[in-house]
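Enquirer: Chains as they are written, first to last, in the working numbering: chain H, 25 to 482; chain C, 2 to 48.
The set of hints was computed from the structure by calculation and includes no laboratory data. Warning: the hint list may mix true and false statements.
Claimed, not checked - Stretches of chain C that chain H covers, calculated by requiring three or more beta carbons in the stretch to come under 8 angstroms of a beta carbon on chain H: (1) 6-16; (2) 25-32.
Said to hold, decoys possible - If you anchor each label on the Cβ, the simulated ranges turn out as follows: (3) H46(C) with K412(H): 26 to 36 angstroms; (4) G344(H) with K11(C): 27 to 37 angstroms; (5) H46(C) with K253(H): 42 to 52 angstroms; (6) K18(C) with P312(H): 40 to 50 angstroms; (7) K412(H) with K11(C): 27 to 37 angstroms.
Yeah, the Cβ is synthetic: ideal placement off N, Cα and C, and Gly gets one too.
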Amino acid sequence: MIHQYKSNGYNMVLDINSGAVHVVDDLVYDVLACMQEGTEGADDVCQKLQDRYQESEIKEALEECKDLKQQGMLFTEDIYEHAIDVFAERPTVVKALCLHIAHDCNLACKYCFAEEGEYHGRRALMSYEVGKKALDFLIANSGNRRNLEVDFFGGEPLMNWQVVKDLVIYGREQEKLHDKNFRFTLTTNGVLLNDEIMEFCNKEMGNVVLSLDGRKEVHDFMRPFRNGKGSYDLVVPKFQKFASSRNQDKYYVRGTFTHYNLDFAADVLHFADLGFKQISVEPVVAPPEADYAIREEDLPIIFEQYDILAKEMIKREKEGRGFNFFHFMIDLTGGPCVYKRLSGCGSGTEYLAVTPWGDFYPCHQFVGNEEFLLGNVEEGVKRPELTKEFKQCNVYAKKECKECFARFYCSGGCAANSFNFHHKINAVYEIGCKMQQKRIECALMIKAALAGNQETQA
Amino acid sequence: MKHITTLNTKSLQNTVKKGGCGECQTSCQSACKTSCTVGNQSCEHKN
Numbered sequence: 025m026i027h028q029y030k031s032n033g034y035n036m037v038l039d040i041n042s043g044a045v046h047v048v049d050d051l052v053y054d055v056l057a058c059m060q061e062g063t064e065g066a067d068d069v070c071q072k073l074q075d076r077y078q079e080s081e082i083k084e085a086l087e088e089c090k091d092l093k094q095q096g097m098l099f100t101e102d103i104y105e106h107a108i109d110v111f112a113e114r115p116t117v118v119k120a121l122c123l124h125i126a127h128d129c130n131l132a133c134k135y136c137f138a139e140e141g142e143y144h145g146r147r148a149l150m151s152y153e154v155g156k157k158a159l160d161f162l163i164a165n166s167g168n169r170r171n172l173e174v175d176f177f178g179g180e181p182l183m184n185w186q187v188v189k190d191l192v193i194y195g196r197e198q199e200k201l202h203d204k205n206f207r208f209t210l211t212t213n214g215v216l217l218n219d220e221i222m223e224f225c226n227k228e229m230g231n232v233v234l235s236l237d238g239r240k241e242v243h244d245f246m247r248p249f250r251n252g253k254g255s256y257d258l259v260v261p262k263f264q265k266f267a268s269s270r271n272q273d274k275y276y277v278r279g280t281f282t283h284y285n286l287d288f289a290a291d292v293l294h295f296a297d298l299g300f301k302q303i304s305v306e307p308v309v310a311p312p313e314a315d316y317a318i319r320e321e322d323l324p325i326i327f328e329q330y331d332i333l334a335k336e337m338i339k340r341e342k343e344g345r346g347f348n349f350f351h352f353m354i355d356l357t358g359g360p361c362v363y364k365r366l367s368g369c370g371s372g373t374e375y376l377a378v379t380p381w382g383d384f385y386p387c388h389q390f391v392g393n394e395e396f397l398l399g400n401v402e403e404g405v406k407r408p409e410l411t412k413e414f415k416q417c418n419v420y421a422k423k424e425c426k427e428c429f430a431r432f433y434c435s436g437g438c439a440a441n442s443f444n445f446h447h448k449i450n451a452v453y454e455i456g457c458k459m460q461q462k463r464i465e466c467a468l469m470i471k472a473a474l475a476g477n478q479e480t481q482a
Numbered sequence: 002m003k004h005i006t007t008l009n010t011k012s013l014q015n016t017v018k019k020g021g022c023g024e025c026q027t028s029c030q031s032a033c034k035t036s037c038t039v040g041n042q043s044c045e046h047k048n
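Let the hints inform the model, and build the full structure from the sequences given.
Expert: Here you go:
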């Protein structure tokens with residue numbers, strides 16, 4: 025199975041099962057379409073294409089395609105389904121926690137799935153004791169995994185900063201005793217950010233996610249303080265300073281786009297113009313009835329925006345002022361193994377969210393939904409049947425994924441999205457899938473453009 | 002090749018034998034928190 029498409033003047037071909045990416049001329053593009061339909065004999069292909077190309081050319085192109093097929097770079101078979109079954113039977117280890125260090129927030133963002141930090145529950149801050157037990161649980165349940173990830177999340181984690189610091193110190197002590205390596209990360213809205221916090225984070229946090237939505241009017245509309253005043257002017261200078269102090273690396277300014285700013289390419293470019301080099305702007309996850317939710321009819325506009333952004337990124341990169349856009353990042357040479365690509369995000373199995381009072385949920389998106397309460401820091405994970413259900417959330421569990429060219433890049437999508445839209449965790453969120461497919465097409469095209477393949481442009 | 006330029010030569014199939022160590026980053030811990038994405042993650046091993 026191959027996926028072929030035209031983008032920005034490039035004829036792109038993705039061999040789905042090997043991951044090989046080819047840029048081809050019009051002739052090969054048409055020959056491959058014949059092969060995809062099952063027409064492979066030289067005479068048959070020539071007959072189909074004789075109106076457009078000379079026979080000798082067609083035969084030459086067909087030979088190139090067959091060569092690559094023989095080398096396992098075109099029309100390769102899917103050999104992974106059995107391997108992933110065996111892989112999924114391995115004992116469960118926990119390797120990542122999302123610590124809800126504060127169920128409270130100093131902003132009142134309109135799209136917040138945490139409902140202004142409260143997660144359908146009460147306002148609360150995680151105590152040092154609960155946090156310590158969470159880290160102990162992680163170490164004890166991590167098997168032979170060495171790299172353990174802990175994200176300080178909220179609400180707004182800086183509202184409980186002392187506990188964040190104390191837990192990092194505790195983690196650093198424990199990692200030596202147990203031969204582990206903690207990778208701490210922090211997600212913040214920036215309101216309480218100051219020099220002391222930046223300095224600590226630069227020393228201890230492997231990544232920081234800085235929440236910023238884009239242009240001032242866009243940001244302030246969705247991310248106001250509780251009194252309605254916008255937060256852009258307060259946080260932008262702090263984020264600029266923070267990004268610069270991290271040498272423009274190991275951070276993301278991260279925004280959410282909604283139905284209200286479908287022209288989000290302008291927001292991404294606004295970040296780039298502010299000097300940020302690591303940028304992520306992502307579609308809102310919202311119930312379909314929300315006024316700001318992304319709708320099916322928004323998709324053509326969104327696709328156009330991704331195209332605009334991709335072209336501008338190529339231009340800026342060639343001018344020496346490029347930047348990274350998280351959703352267009354794709355590692356064609358050192359990317360993850362096929363197990364990682366097929367086995368889903370790990371929510372509910374190797375990745376858990378921990379509430380301020382120590383309850384476990386499959387991930388931050390499920391927090392507050394009692395149906396998904398998995399256990400707690402005192403007793404561990406108590407719902408093996410639910411864990412098993414999450415463990416089986418791989419791409420082969422979903423028929424739509426089995427047929428999708430993007431399956432090795434999204435790993436089957438988000439269980440929380442699926443639950444929000446279909447009330448089960450192993451369905452697909454179609455709008456999200458279509459956006460994901462578009463982003464992968466753009467990402468591969470960018471690779472082609474920057475590989476200097478101008479001669480293959482149509 | 003006259004008609005085809007290949008951008009990468011490393012096959013996913015080669016990762017079946019060596020892969021699966023699980024040391025790489027959990028996708029939702031990266032930047033997203035809402036959109037499952039693994040294509041942009043990096044392998045912890047260089048081979």
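Enquirer: Please test the hint of 27 to 37 angstroms on the beta carbon pair from G344(H) and K11(C).
Expert: 28 angstroms, holds
Enquirer: Within the region 6-16 of chain C, is the number of residues with a Cβ closer than 8 angstroms to a Cβ of chain H three or more?
Expert: With 10 residues closer than 8 angstroms to chain H, the region 6-16 of chain C meets the three-residue bar; holds.
Enquirer: Verify the CB-CB distance for H46(C) and K412(H) against the hinted window 26 to 36 angstroms.
Expert: 29 angstroms, holds
Enquirer: Count the residues of the region 25-32 of chain C whose Cβ falls closer than 8 angstroms to any Cβ of chain H, and tell me whether that reaches three.
Expert: holds (count 8)
Enquirer: Honestly, do K18(C) and P312(H) meet the 40 to 50 angstroms range at C-beta?
Expert: Hint holds: Cβ distance 43 angstroms, inside 40 to 50 angstroms.
Enquirer: Between K412(H) and K11(C), does the C-beta distance stay in 27 to 37 angstroms?
Expert: 33 angstroms, holds
Enquirer: Quick one: are H46(C) and K253(H) within 42 to 52 angstroms, going by C-beta?
Expert: For H46(C) and K253(H) the Cβ distance comes to about 49 angstroms; the hint holds.
Consistency note: the structure conflicts with none of the earlier hints.
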